[in-house]
Amino acid sequence: MTLKIDIKDKIKQNSSMFVNFIKNAITASPKVQNNFLEVTTKVAETALKIIKDADLIVDLNYKGKEFWSINRCKTSCFIDGGVDRTSIISSAPLSIRAGSYIVKPDATSKREFFEESMVFLGDLYDPKNELYDFVDDDFEEDQMLNKKKDGARIIFEAATIVKHILLNKKFDYCFLHGPLEATVMPFTVAGFPTFTKFAVENMFPFINKNSNIESRHFINAYLEALNYIKKSKFPIYGIVETSNSAPYIKNLLFNYKIKGTISDKDYNSVIKTIKKYKITDSHILEIILSSGQALKPLEVKKQLAGFTVTSGSAWEEKMDSFPKVFIGYIKTSDNQAPVRIESLNYPKYLIKDYEYILGTSRLLPNYGFPVGLNVVDKFAKIPNWMSKTSRKYYATHLLRQAIKNKDQNTVSLAVKILSKKSRSWKNRPIGGISK
Amino acid sequence: MSKFNNWKAIGTVLGETDINEYHFSLKNYKAKKGDIVTTASRLPSTDGTVIPVTVWGKISSIERFNAFFPAEAAQELTNEDIDIRDTILPTTKDELRCKVIILGYTEDGKEKISKLLPLNYPVMPAAIVKYPSSKDVEELFISDLDSSHPISIGNLLARKDVEIKIDGDNLISRHISVWGMSGSGKTVFVRRILTELLNLKYPSFVLDIHGDYLGFVQKQKKYFPDNKVKLFYPNLSVRAEDKEIVYTLIDKLGNTLTDPQKDFLNSLLEKIKYEGGSLLQYIKLLNLKAREFASSGSTSFKNVKPASMFVVARSLRIVSKKLENMEQTNARHRRKMSHLKFEELPDSATEPEKIISKGQMSILYLRGYENLPASAIVSIVLENLFRHRQEASEEIAPFFTVIEEAHNFIPSRSENKDDIPSVDTIRKVISEGRKFGTGVMIISQRPSRVDETIASQCNSQVVFRIVNQRDQRATTRDSETLSNDDAKQLPNLANGQGIISGQIVNYSLPVQIKFDEKLINDDIGNENFIDTVENWDDKESVKLRKKFAKDFADINEIDSRRAN
Numbered sequence: 001m002t003l004k005i006d007i008k009d010k011i012k013q014n015s016s017m018f019v020n021f022i023k024n025a026i027t028a029s030p031k032v033q034n035n036f037l038e039v040t041t042k043v044a045e046t047a048l049k050i051i052k053d054a055d056l057i058v059d060l061n062y063k064g065k066e067f068w069s070i071n072r073c074k075t076s077c078f079i080d081g082g083v084d085r086t087s088i089i090s091s092a093p094l095s096i097r098a099g100s101y102i103v104k105p106d107a108t109s110k111r112e113f114f115e116e117s118m119v120f121l122g123d124l125y126d127p128k129n130e131l132y133d134f135v136d137d138d139f140e141e142d143q144m145l146n147k148k149k150d151g152a153r154i155i156f157e158a159a160t161i162v163k164h165i166l167l168n169k170k171f172d173y174c175f176l177h178g179p180l181e182a183t184v185m186p187f188t189v190a191g192f193p194t195f196t197k198f199a200v201e202n203m204f205p206f207i208n209k210n211s212n213i214e215s216r217h218f219i220n221a222y223l224e225a226l227n228y229i230k231k232s233k234f235p236i237y238g239i240v241e242t243s244n245s246a247p248y249i250k251n252l253l254f255n256y257k258i259k260g261t262i263s264d265k266d267y268n269s270v271i272k273t274i275k276k277y278k279i280t281d282s283h284i285l286e287i288i289l290s291s292g293q294a295l296k297p298l299e300v301k302k303q304l305a306g307f308t309v310t311s312g313s314a315w316e317e318k319m320d321s322f323p324k325v326f327i328g329y330i331k332t333s334d335n336q337a338p339v340r341i342e343s344l345n346y347p348k349y350l351i352k353d354y355e356y357i358l359g360t361s362r363l364l365p366n367y368g369f370p371v372g373l374n375v376v377d378k379f380a381k382i383p384n385w386m387s388k389t390s391r392k393y394y395a396t397h398l399l400r401q402a403i404k405n406k407d408q409n410t411v412s413l414a415v416k417i418l419s420k421k422s423r424s425w426k427n428r429p430i431g432g433i434s435k
Numbered sequence: 436m437s438k439f440n441n442w443k444a445i446g447t448v449l450g451e452t453d454i455n456e457y458h459f460s461l462k463n464y465k466a467k468k469g470d471i472v473t474t475a476s477r478l479p480s481t482d483g484t485v486i487p488v489t490v491w492g493k494i495s496s497i498e499r500f501n502a503f504f505p506a507e508a509a510q511e512l513t514n515e516d517i518d519i520r521d522t523i524l525p526t527t528k529d530e531l532r533c534k535v536i537i538l539g540y541t542e543d544g545k546e547k548i549s550k551l552l553p554l555n556y557p558v559m560p561a562a563i564v565k566y567p568s569s570k571d572v573e574e575l576f577i578s579d580l581d582s583s584h585p586i587s588i589g590n591l592l593a594r595k596d597v598e599i600k601i602d603g604d605n606l607i608s609r610h611i612s613v614w615g616m617s618g619s620g621k622t623v624f625v626r627r628i629l630t631e632l633l634n635l636k637y638p639s640f641v642l643d644i645h646g647d648y649l650g651f652v653q654k655q656k657k658y659f660p661d662n663k664v665k666l667f668y669p670n671l672s673v674r675a676e677d678k679e680i681v682y683t684l685i686d687k688l689g690n691t692l693t694d695p696q697k698d699f700l701n702s703l704l705e706k707i708k709y710e711g712g713s714l715l716q717y718i719k720l721l722n723l724k725a726r727e728f729a730s731s732g733s734t735s736f737k738n739v740k741p742a743s744m745f746v747v748a749r750s751l752r753i754v755s756k757k758l759e760n761m762e763q764t765n766a767r768h769r770r771k772m773s774h775l776k777f778e779e780l781p782d783s784a785t786e787p788e789k790i791i792s793k794g795q796m797s798i799l800y801l802r803g804y805e806n807l808p809a810s811a812i813v814s815i816v817l818e819n820l821f822r823h824r825q826e827a828s829e830e831i832a833p834f835f836t837v838i839e840e841a842h843n844f845i846p847s848r849s850e851n852k853d854d855i856p857s858v859d860t861i862r863k864v865i866s867e868g869r870k871f872g873t874g875v876m877i878i879s880q881r882p883s884r885v886d887e888t889i890a891s892q893c894n895s896q897v898v899f900r901i902v903n904q905r906d907q908r909a910t911t912r913d914s915e916t917l918s919n920d921d922a923k924q925l926p927n928l929a930n931g932q933g934i935i936s937g938q939i940v941n942y943s944l945p946v947q948i949k950f951d952e953k954l955i956n957d958d959i960g961n962e963n964f965i966d967t968v969e970n971w972d973d974k975e976s977v978k979l980r981k982k983f984a985k986d987f988a989d990i991n992e993i994d995s996r997r998a999n
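These protein sequence lines are chains A and B, in that order.
Sequential numbering of the first sequence, starting at 1, is according to this note's numbering.
Sequential numbering of the second sequence, starting at 436, is according to this note's numbering.
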């Protein structure tokens, strides 16, 4: 009873729970709305019982001054990628980069170092400066364009980690902003282009130069990269601010189902409920964990074949061969949901490593996220002014080409392409009698 | 070949520019606020060709920021007493962004740096910003000043080796205001100007309240052997035409009078004609006459009862007493400096050449006088001197007047002291002075308390440290060339550092005024009162008084004892 009251109180104090509640209020039926709090409370109670049974909660230690006097000798690397947000249909200009912030606080010289580890500025289809192989697309949807950008960013981030390993960097820690292993299912879509030979050779020199074109597909190249990263001598963690799914809770329940502690029926029913109410790890763990507490990692299979991957296909088999990911959580601050910690190996020094993540997050007390990742995020981000400038430049170039052509239809097309996203004056309905 | 190529690159022009200002990213520690910088540009010329030019500007502000240092990290560092260098927070990502006010451009390809011309085409974004050599900056200033009588006042604040000169001709004809808190450097600047005017043999008339300029008298023989430095004490002499000033003085210094009493005073002034001479004697005469009329029950004044006449007589006695006290106070101060030769101020109406003469500086030592009598004296003297310049005979040479503590002589309308006699005189001198060569320098620590019309007629300004926001606003209100960025700098200026602007320099420049230490008045002392008290010993008279006081106390004590 006490447990129930305690959790209910926590829910009331918990801002992100109410955000979700409001989301449900907008999207779900009235019945779902009414049940939301009660259901979440019940799921949290059950999850807490299982977590306690599995002895997964650990208390982390942090005393500001003492912590930093001990850890000032550590060399840490923080990695993040940035993509420009230029949105132009057709052959889009693209700029992507991945940056590293490397810092050793007690170093006498070169205490900190900002490195633009991977940069690409060019056009997706420019044969002289290409990232992906040219594909003869019948249609070029925004969705595909965004997928290409995402794919490029993910591969650049992985390539940055690979580069540090290849250069034999002596890091005590390496952190990636975002999941260490991204979900690859979106890239299984038919027609997704392969990277050029040049790009793959430069990013991942260990991939066999003579291998076939398939090896340059995102999924194959990424798998190779992750397998390489898994062998790293220094610990590498992916840090995710908010979880939009519930991999930890689902896997925990799954493990208990396998052990026979939970019946198949109960398991299926609770998984259905979690999906129905869009309950995520963040929501549950935010009310279970207190500030400075962490959950020991669980091994999770991240790559699950969705509807785009046909059962028994080559992609399904490939996705099965991706390494499993160890997922843990740390509640770094009273105000924020726990951050997700991903690694490809079980942490050798779990408590020390998690305490380091907690310590670096305490420097952002309100945001509750490792400050080094905040720093590298600002460094790697492609600023708006750069995106805007490249868009302006591209627009001018396109219009000039069209005007040179002297064909009215080409000019109209150019104008439409440029104003696709906004309701430009050029596309306004014409009043009066149409011609 | 342009000199531009020889200067060091210190930054890059940012974003959008216009013809008045631009921003640039500065290399660490390569320039300071107030520095002069350049950038190469190309302009369309009047004949349609494009010409290469050098655009000159002044750094008016510098922002330093570390976008990689989150504000909330500071909270944790403070709460936990953590040294940032122990943490993973970045310490080297500072960025410097400078705002540059464009001064103008010079054409390239000329042997000498020409006069600055107004820019009419924006500088190029992404252009290199360079740091010109001190020699070239000085050359620019001299060529731009284009003055036949340049006066050296110090150096550019940001660069010790760049001498700053002002235009002497504009200084003495177009009027100048000098603002700044007490001890900020106003007097240092005025001494500098007066020194240069002595060197030019240009006459000056200084209204000295505190004795700040007596150093000129002390050191005249040594440093200005070819000049005369005269030291005057006030002589309250009036003429028949000064009736209004006399009335105001009596009205303000004496008791408050009722309307019938004021009528009597007016009639008295009409009746008792005065042919000129000492004001004190005149007031004493008025007092005597008022008493006589009151005692005799005179009926020559309509509706004025003898009682009212007595009140006026009493008021006149108070005024004469006050004037006597002021004269005595001034004399006491003069006696302390017995080694200096004080002369009675000659009659400015009849002997103006004794006050204004080529190569002469005249100092009127006003210490001890209250504002109103001091204002009356200044009004009478300046009125006379100005009249002599106005007249076709031109009995005196053009001269330059220095008015210290100007808020006492030309108070703002908001002070409700419009009837101060010197306001109208100075307003007239300043508005017509350009024609007649009677330039004025007004000096105050409270610019907001100075008459706005007079202040705004000063075409040049020197502003030293000012903390009071009302006074800061007043400085920008009265100036056409002092920007808000300049005003922001005012509270942070150190002693002797000021911003000079207006027609004497063409644009506002932060300067360090040259300190003429040799001209300090040795008699003023260093105001170290703690040392004075430490070495204090009572005078013999005081010792004696204390001794007697003890004796009398003993007598009183015995006297008050109860008898057995």
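By construction, these hints were calculated from the structure, which means they are not laboratory data.
Among the hints, a few may not be true.
[Claimed, not checked] Output of the computed footprint for chain B on chain A, the stretches with three or more beta carbons under 8 Å from beta carbons of chain B:
1. 95 to 109
2. 361 to 370
3. 373 to 382
[Stated by the list, open to error] Simulated crosslink set (DSSO-like; lysine-lysine; CA at most 30 Å straight-line):
4. A/63 <-> A/42
5. B/706 <-> A/110
6. A/381 <-> B/600
7. B/600 <-> B/550
8. A/110 <-> B/467
9. B/600 <-> A/110
10. B/550 <-> A/110
11. A/352 <-> A/278
12. B/528 <-> A/74
13. A/301 <-> A/233
14. B/528 <-> A/352
15. A/378 <-> B/468
Keep in mind it's a predicted model, so treat the numbers as computed, not measured.
The C-beta atom is built at its ideal place from N, Cα and C for all residues, glycine as well.
Okay, the hints, checked on the actual structure:
1. 95 to 109: The restraint on the segment 95 to 109 of chain A holds, since 4 of its residues have a Cβ under 8 Å from chain B and three suffice.
2. 361 to 370: Result for this restraint: holds, n = 6.
3. 373 to 382: holds (count 4)
4. A/63 <-> A/42: Given that 30 Å is the threshold and the Cα spacing comes to 35 Å, the pair is violated.
5. B/706 <-> A/110: Cα-Cα ~94 Å, so violated.
6. A/381 <-> B/600: This hinted pair is violated, its Cα atoms lying about 50 Å apart.
7. B/600 <-> B/550: OK: residue 600 of chain B and residue 550 of chain B at ~15 Å, within 30 Å.
8. A/110 <-> B/467: holds (26 Å)
9. B/600 <-> A/110: violated (46 Å)
10. B/550 <-> A/110: violated (47 Å)
11. A/352 <-> A/278: violated (33 Å)
12. B/528 <-> A/74: holds (20 Å)
13. A/301 <-> A/233: Holds, at roughly 23 Å.
14. B/528 <-> A/352: Distance of about 29 Å is within 30 Å: holds.
15. A/378 <-> B/468: holds (29 Å)
In summary, the structure is inconsistent with hints 4, 5, 6, 9, 10, 11 from the numbered list given earlier, while agreeing with the others.
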